[in-house]
Amino acid sequence: MFLRYIVVYEVDKVLELRALTKHYPNHHALKGISFSLTQGEFFSLVGPSGCGKTTTLRLIGGFEEPTSGEITLAGRPVAGLPPYRREVSTVFQNYALFPHLTVAQNVAFGLERRNGVTRSTIRNRVEQALALVQLSGKEARKPNQISGGERQRVALARSLVVEPKVLLLDEPLSALDPKLRKQMRQELKSLQRRVGIAFLFITHDQEEALSLSDRIAVMNQGSIEQIGKPRELYQEPTSRFVAEFLGEVNWVNGAGIRPEAIRVSKENPANGARSVAGVVESSTFLGNVTHLAARLPNGANCTAQLPLNGCTFELGEPVHLWWDASDELRVSA
Amino acid sequence: MKRFLALYAGAAYLFLYAPLFVLGVFSFNASKIAAWRGFTCNWYAKVFHDPALLDGTMNSLTIALVATIVSTIIGTLAGYALWKKRLPWLTNSLYLSLLTPEIVTGISLLAFFEWAFHFLHVQLGMHTVILAHISFSLAYVVIVILARLRTLDPALEEAALDLGANEWEVFRRITVPLLLPGIIAAALLCFTVSFDDYVITSLVAGVNSETLPMIIYAMARKGVSPEVNALSVMITMGLGVFILVAGRLEQRA
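Those protein sequence lines, which keep their order, are chains H and E. First residue of the first sequence: 1, per my numbering; consecutive thereafter. First residue of the second sequence: 1001, per my numbering; consecutive thereafter.
No lab work stands behind these hints, which were simulated from the structure alone. Mixed in with the good hints there might be a few duds.
Unchecked claim - Heads up, simulated BS3-like pairs for lysine-lysine below, C-alpha to C-alpha not over 30 Å straight-line: (1) H:229 to H:179; (2) H:179 to H:13; (3) H:31 to E:1085; (4) E:1084 to H:31; (5) H:165 to H:142; (6) E:1084 to H:142; (7) H:179 to H:31; (8) H:31 to H:13; (9) H:182 to H:138.
If we strip away everything but chain E, and leave its shape as in the complex, we get (with noise of 0.2 Å):
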């Protein structure tokens, strides 16, 4: 039996991680394609000399990190409100927009920009997308610290009250360091949701504001190119540190 439960792991990490293996290897083949021959790290230097691939990764960047800070602020303090007030039917609407499909998401939201910009005078940009990215991964922040906050004793709140301290010396004090590593998980799944996203941000994007996983879907279009595969391994190892130091860091608090 134990025999089995190992294979049985075994096959289930290699489901998971045999096609991330064979992205990594053949981003170091120095042939375009799909067959051995040879080793070389061309592929990782031309990808740094791609500006289209840098603005991307920039735009990308820039984007998941404002939507991660803004949307966990927001997330938290939400999550924080019905969690004191005990609103069932707000908290169960955040599942609506977790179930929305992308797609539905996305043109919705096109819809709102255009009448929107009808008494705004702005067009499509970074800022659509930005905006875009925070409204829907405010669900997933107010989900992480809802359960986060579940497992919160309420007389830590009353203690701390009651020892002399008000209601925002409480939040700062109390309940936002016990609510720390929900906050850091949180954020972590807000930066990834909002990195690799594509269905909503193709709609939403306009001129200059093209992300990473748009172009690489341009590219990729156009054939596999090692290229992509280089750029990718060095997203999910990037990817892979950041949750290791977050994993540290949520121990030690």
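Chain H extracted, bound-state conformation (with noise of 0.2 Å):
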């Protein structure tokens, strides 16, 4: 069903926000945002809580109107439609799953809201959605009835099976517990492959948008700092705000450099690479990897992150840390 999804649009963006902004009395939530997404990609909006990116997400599905600027979905713009004529579909954060219904009827939902669809074909469809997801068998149960990992593939198959030109995901890995989190990423990353719908997804974990998307809009206090690829955003953040988002980065004479960057030696290496002096302050074992963290002459911390038996160093012994010039991240601010 889902693999036969291959539309050809004029434009190849399938979702487009231009110049978007919102503003409620006392707040300005979006001050002029713009991206697109293309067909089949996973494109992720993070940024602390309070930035604005659930206000994006509840314009697109149609539940707010923008104070100005346009969305279109498509090619089309669908400013004034209400949620239920715009193609696309969200999963909520805390699913929205009907309780009153069955899993069957829950993703049967959207199906019988069409004209034209045969009782057969929803069967179906609901079929093929329930597998995709891994949720055969369980059709007749309730929501309250099924795990919360399940609660959530539901939510994503009763999306995904009224076919959205865009589906939206509303921190859907959040109500998870750490383990079956990461296990969901995986799954979501192939699923979306699977059915290659563009997904808009949005979190609030840098890991977790850094580890599923194709391309990351990063943004803070309803603005988008900056837009790439998750490698881009990384290793050459355009901001101090983007850096410290997307990972630890030690400040050293206004250069920013990311622990896993910076070795320690005893000696000076006089290799030409760029180093400051310190004192090891702590170091902390973390299994795969140990936190060093150093103090440097002008009273600021400098953290190294080393590999496994990296460490040999005491508690207050002189140490140098180094780095290439390379690894340094150039931001503007």
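Two chains, two frames, some hints: make the complex.
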């Protein structure tokens, strides 16, 4: 069913947001954001809570109207269309499964709202959708009779079965326990590849965004700070905010260095690398790696991430921290 | 402590149900006075041969049924609107309707009907009683429905809209089924409040619209008759069965 979903649009932007703003009486939630998704792309919107990412999703879904700006879906503006006329569907944070309906009835709900879909078609497509998320055999259960992970898969099946142009996901993994979350991350990615539908994924978890996305937009206080591929954003952040949001950074003399780019030795390497002297303040064993924190002469702390057998330093020992100049993050502000 | 609590609960139930028990016992008493003179079912038989009581019961049931259906529908819709639009002033004003003494409600309804009759050329009767009952039971329905709505996750309605259901389909397929226990509870409350109302009813009732409470009140003023005891036991049993059935329905929903 989903594999047949190959439509060529005149424009390959399946969803486009142009200069979108949303003002509330006391609050400017969005200050003009623009981005677009191409067919089959996994695009993440990340940022701290209150940065406007959920508002963006609600504007696309049609639950609220923007103050200004435009949203187009497959080339057509959607302004003024109610949610039930927009070809997007949402996986809500707490899934919002209908508690009085069975798993199969939940998944069938969207198809039953369409004209001209026969009962047998609905039955077949519900069956396929549940097979896709590995829930065959749970059709007759009610949402309160299945586990959290299963509920999430029902929500995915329910939204995918209506073949949206874009699937919107509002922190869908945040309600799961950490172990299950990692497992569902893999499933989500492989599911997205199989169905080929563009996913707009919202999260405040940078690891989730980095591991799942084709592209990421980092949001802060109602604006987009930077858009790019995960590796680009991590290695070439244009702002301090992006650099710090996507991972740990040490700021030494105005340059940012990721902990894993820092080497530590007893003597000054004198190999042309940038270096700074410090005193070992703490070392934290984390299994596969050790985090070593050193105090610099100016009082700042610098963290290095060392491989398993790379840390042989005593507390209070003077060391040299060094790195390649090419590993420095050059940010504007 | 545990024994004390059990004793306390027992005393509370005794306080609640002892009068009903006495009523039940005396409805089987062969004598008219409050002293035991042997067992009889005559009073029950007599109820069914008393045309005034039968008429009153029919009137009360008709009024309660119509008033319950109408005010449950209007009240559910009103509650839904108040919840959707978040109108604290209108919501709070409902409590005014609940707190108004019945005698004031009754007099105001009577004054209203008298005024309206100048234009409409009708008289007090069943219709005025039904309108009055709808009027005072509406607030109960809205409050029960609002309490239930507050437990409803707004994301459920959004999810349904998102999947292609229009507002009417969302209401019919998602909201109403989820509200059903509240709607049943509201209807039950409405039926009971309507069935036993005396003060307001007696003010707005006309000829041929005497309800059961009005007839019982009139009979009781002439002294407690075992016939009234028998009737009261039957009403209590009837409502008890009604509530048990509704409870079962609610559990299944």
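Verification of the hints:
no.: 1; hint: H:229 to H:179; in the structure: holds (26 Å)
no.: 2; hint: H:179 to H:13; in the structure: violated (35 Å)
no.: 3; hint: H:31 to E:1085; in the structure: holds (27 Å)
no.: 4; hint: E:1084 to H:31; in the structure: holds (28 Å)
no.: 5; hint: H:165 to H:142; in the structure: holds (28 Å)
no.: 6; hint: E:1084 to H:142; in the structure: holds (27 Å)
no.: 7; hint: H:179 to H:31; in the structure: violated (36 Å)
no.: 8; hint: H:31 to H:13; in the structure: holds (22 Å)
no.: 9; hint: H:182 to H:138; in the structure: holds (23 Å)
Comparing the model with each earlier hint shows violations of hints 2, 7; every other hint is respected.
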